[in-house]
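Protein chains: 2
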Amino acid sequence: MSGENCLAGLKILDLTQFEAGPSCTEALAWMGADVVKVENPRVGDPGRVSGGKAPHDALYFLQYNANKRSMAINLKDPRGLELVKELAKNADVMIENFAPGAIERLGLGYDVIKAINPAIIFCQVKGFGTGSPYEKNLAFDMIAQACGGLMSVTGEEDGPPCKPGATIGDTGTGMLMAVSILGAYVRRLRTGQGEHLQVAMQDAILHYIRNAFAYMERTDGKAAPRAGSKTVGGGNPPIGVYPCKGGGPNDYVYIYTSAANSEHWTRLLKVMGREDLIGDARFANPAARTEHREEVDRIVSEWTIQHDKHTAMELVGSATIPAGAVLDTRELADDPTFLQRGIRQTMKHPEAGDYVMSGWPVRFGGRPPEVTPAPLLGEHGAEVLAEWLGYDAGKIADLKSNEVVV
Amino acid sequence: MSGENCLAGLKILDLTQFEAGPSCTEALAWMGADVVKVENPRVGDPGRVSGGKAPHDALYFLQYNANKRSMAINLKDPRGLELVKELAKNADVMIENFAPGAIERLGLGYDVIKAINPAIIFCQVKGFGTGSPYEKNLAFDMIAQACGGLMSVTGEEDGPPCKPGATIGDTGTGMLMAVSILGAYVRRLRTGQGEHLQVAMQDAILHYIRNAFAYMERTDGKAAPRAGSKTVGGGNPPIGVYPCKGGGPNDYVYIYTSAANSEHWTRLLKVMGREDLIGDARFANPAARTEHREEVDRIVSEWTIQHDKHTAMELVGSATIPAGAVLDTRELADDPTFLQRGIRQTMKHPEAGDYVMSGWPVRFGGRPPEVTPAPLLGEHGAEVLAEWLGYDAGKIADLKSNEVVV
Chain G
3 MSGENCLAGL
13 KILDLTQFEA
23 GPSCTEALAW
33 MGADVVKVEN
43 PRVGDPGRVS
53 GGKAPHDALY
63 FLQYNANKRS
73 MAINLKDPRG
83 LELVKELAKN
93 ADVMIENFAP
103 GAIERLGLGY
113 DVIKAINPAI
123 IFCQVKGFGT
133 GSPYEKNLAF
143 DMIAQACGGL
153 MSVTGEEDGP
163 PCKPGATIGD
173 TGTGMLMAVS
183 ILGAYVRRLR
193 TGQGEHLQVA
203 MQDAILHYIR
213 NAFAYMERTD
223 GKAAPRAGSK
233 TVGGGNPPIG
243 VYPCKGGGPN
253 DYVYIYTSAA
263 NSEHWTRLLK
273 VMGREDLIGD
283 ARFANPAART
293 EHREEVDRIV
303 SEWTIQHDKH
313 TAMELVGSAT
323 IPAGAVLDTR
333 ELADDPTFLQ
343 RGIRQTMKHP
353 EAGDYVMSGW
363 PVRFGGRPPE
373 VTPAPLLGEH
383 GAEVLAEWLG
393 YDAGKIADLK
403 SNEVVV
Chain Z
3 MSGENCLAGL
13 KILDLTQFEA
23 GPSCTEALAW
33 MGADVVKVEN
43 PRVGDPGRVS
53 GGKAPHDALY
63 FLQYNANKRS
73 MAINLKDPRG
83 LELVKELAKN
93 ADVMIENFAP
103 GAIERLGLGY
113 DVIKAINPAI
123 IFCQVKGFGT
133 GSPYEKNLAF
143 DMIAQACGGL
153 MSVTGEEDGP
163 PCKPGATIGD
173 TGTGMLMAVS
183 ILGAYVRRLR
193 TGQGEHLQVA
203 MQDAILHYIR
213 NAFAYMERTD
223 GKAAPRAGSK
233 TVGGGNPPIG
243 VYPCKGGGPN
253 DYVYIYTSAA
263 NSEHWTRLLK
273 VMGREDLIGD
283 ARFANPAART
293 EHREEVDRIV
303 SEWTIQHDKH
313 TAMELVGSAT
323 IPAGAVLDTR
333 ELADDPTFLQ
343 RGIRQTMKHP
353 EAGDYVMSGW
363 PVRFGGRPPE
373 VTPAPLLGEH
383 GAEVLAEWLG
393 YDAGKIADLK
403 SNEVVV
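Residue numbers (my numbering), protein chains in the order written: chain G, 3 to 408; chain Z, 3 to 408.
None of these hints come from the bench; they were simulated from the model. Accuracy of the hints is not assured; some may be wrong.
To be verified - As a list, the in silico SDA-like pairs of lysine to any residue whose alpha-carbon atoms are at most 25 Å apart: (1) Z:K87 to Z:P338; (2) G:K138 to Z:D400; (3) G:K138 to Z:L317; (4) Z:K138 to G:A262; (5) Z:K138 to G:P43; (6) Z:K224 to G:R269; (7) G:K78 to Z:K224; (8) G:K350 to Z:Y357; (9) G:K13 to Z:K224; (10) G:K224 to Z:Y357; (11) G:K91 to G:P43; (12) G:K224 to G:E158.
To be verified - Restraint-style ranges between C-beta atoms, simulated for each label pair: (13) Z:P57 to G:D113: 23 to 33 Å; (14) G:G236 to Z:A289: 57 to 67 Å; (15) G:V45 to Z:H58: 54 to 64 Å; (16) G:L191 to Z:K138: 32 to 42 Å; (17) Z:T322 to G:E106: 15 to 25 Å; (18) Z:V45 to G:L191: 47 to 57 Å; (19) Z:L378 to G:K91: 26 to 36 Å; (20) G:D336 to Z:E158: 53 to 63 Å; (21) G:E106 to Z:A290: 53 to 63 Å.
For glycine and all other residues, C-beta sits at the position ideal for the given N, C-alpha and C.
For reference, chain G alone in the conformation it holds in the complex (with noise of 0.2 Å):
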């Protein structure tokens, strides 16, 4: 009862690189499919040396390309173009998120691809959606989250825009497509039917940023704005992080109060040894609270400054109000749980040696899928060759002796 034997015999052909793409492809290797990277010989996916030139691959792309197999095709070879159509043809489904019309200048695009293998799940990953202003324009992770919405509703109310520590323009966009292969997947099985999936990383922003759109069209259809660390709106006072012993820079504990519930507020102010304000028309509603929230996120602070943040989580809590420590990478990192439940796992790199990684979060029948370490440039060449086509070690030699496969 584990996930990893799930896609068992799914073949996926992957030309992506960096983060959107491979995070989903990522994602289907551990369930089980077989996802062959196509990588171009002399660097590989750019990925590999993100944020400088090492002696290995870069963390960077160790954690987006674990559980899949590579291969070194040389696509300015007519011969490496001719094999990843072969490996088309037996694949089913092909990914790529090269810069806008790249593939089809390669000469790899659907309409060629289809007629080779009309069944393919052909998939794409584009910055800007086809008919968009923009559909020509490039775009990375953070261009994604400037034009889709999401730096417009980040950051302190009184603030410049900010970009979220999350990459939601890459693996958010990921996301929806692993999700959308599956889709197409299961019908194909139904019916033999092949798609071609497309999907554009603004266009997908705009799926996780709904909660800002609804309460824009709500109001009075003014853009939704920045809250800090409130949600959209403002929402019912206290809500938000409040500043705890220590005064470090994540120092804070985050306190929600539901508008919905009126206990929460009692309830906080007996946590707090405030039962002097139970019944103080200021903060007797949420109305009442939200004119007087000045005041309130001072009753609040003046308390929660005299704890730090694992207690004041651990008190509010307690007394069933949803409170959270604002919790940094080196703490989660620390946190030996994650290491005892899978969530995070080590990896034993040939290069890189031992390093940790946040692996599938989802546990089947209790245990995440095992994670096993991203191949190097052009590991699998001859095994896939082998595995996929047929080819004969002979046939495979000849590749390699012409440099079509390295």
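With chain G held as given, fit chain Z onto it using these hints.
Showing chain Z alone in chain G's frame:
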């Protein structure tokens, strides 16, 4: 070649509420799954009244429950619980996101359901994972974002932790569960095997901030810091949002110059008419520009402030330097191409009237799946009893007159 029939025949018994669960099942409904939402007869999914009681279901609810059917079942009546079991016997997937322990206390936990239907894919979304120090804690989106590390890497460099304007704890988690459900379903089609899927919102957050972890690991092991609008660690200057003409809260353009592409900086200097700085030692390479970051930002800002954000995006983008205007939700809602392309669609709801919502952004054969309005509370009770269980009119009337199904 559209997406709506991909999952035809997949029956999902959906006991989820608010967003993490509903966003998951909605994605599957958009691809054709038959999602039957089981709600309590009194108010239904509390998301229906999110943002305060209104004469109709809240837009919050409407946008996370499109393309589903609703059935109102009284779970306080033993006959209601029996009915859920009957439905579970006929379902392929059952999913819940109640507070920890609640589904088991109802007598509808995995052990019970598995005994009835061993092939079921039983799915649970919680705030924290089993074995985590917080496993019994409640969580909402913002608590997961605090405890999952995302807030620690979002916000200004010297400011407090910020909450991204995207609901990564909710919709971000929902997408990971959707991928996993389809993975398990593909295996089930092949082998008949059921599965127990569990995901914690805190764990899911880690999946979206892997770059922050990679940055921490490849530097000094200290927690990844906040970086305003820049990428984790600060990136390669110039990077981030720069102020544009207009002075409004979102009059900014994002400019990204890559450390890997030295041409970006030179091209930008040309766009800005600052050829005089080409070759200037202070800015000649990424390290030099990082050292003179403030001056670099000043030079770029002096140019961007002379242009509105759209012009700045156009001018910088035309020089093939990644650039993007910071667009707000109003501007996005007013861009007609989202409606033309089906990324946003207009609903006709019997009570809420017409409204526009974002649908599934992935295009199948050029077009996103068609969105249909969320159901009224209990709208499809009789229909589902007939279709899923084959109940006749008399039996259905009996359940209704006894208020087991409302």
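So, against the hints stated earlier in the document, which numbers end up violated here? 1, 2, 5, 6, 7, 8, 9, 13, 14, 18, 19, 20 and 21
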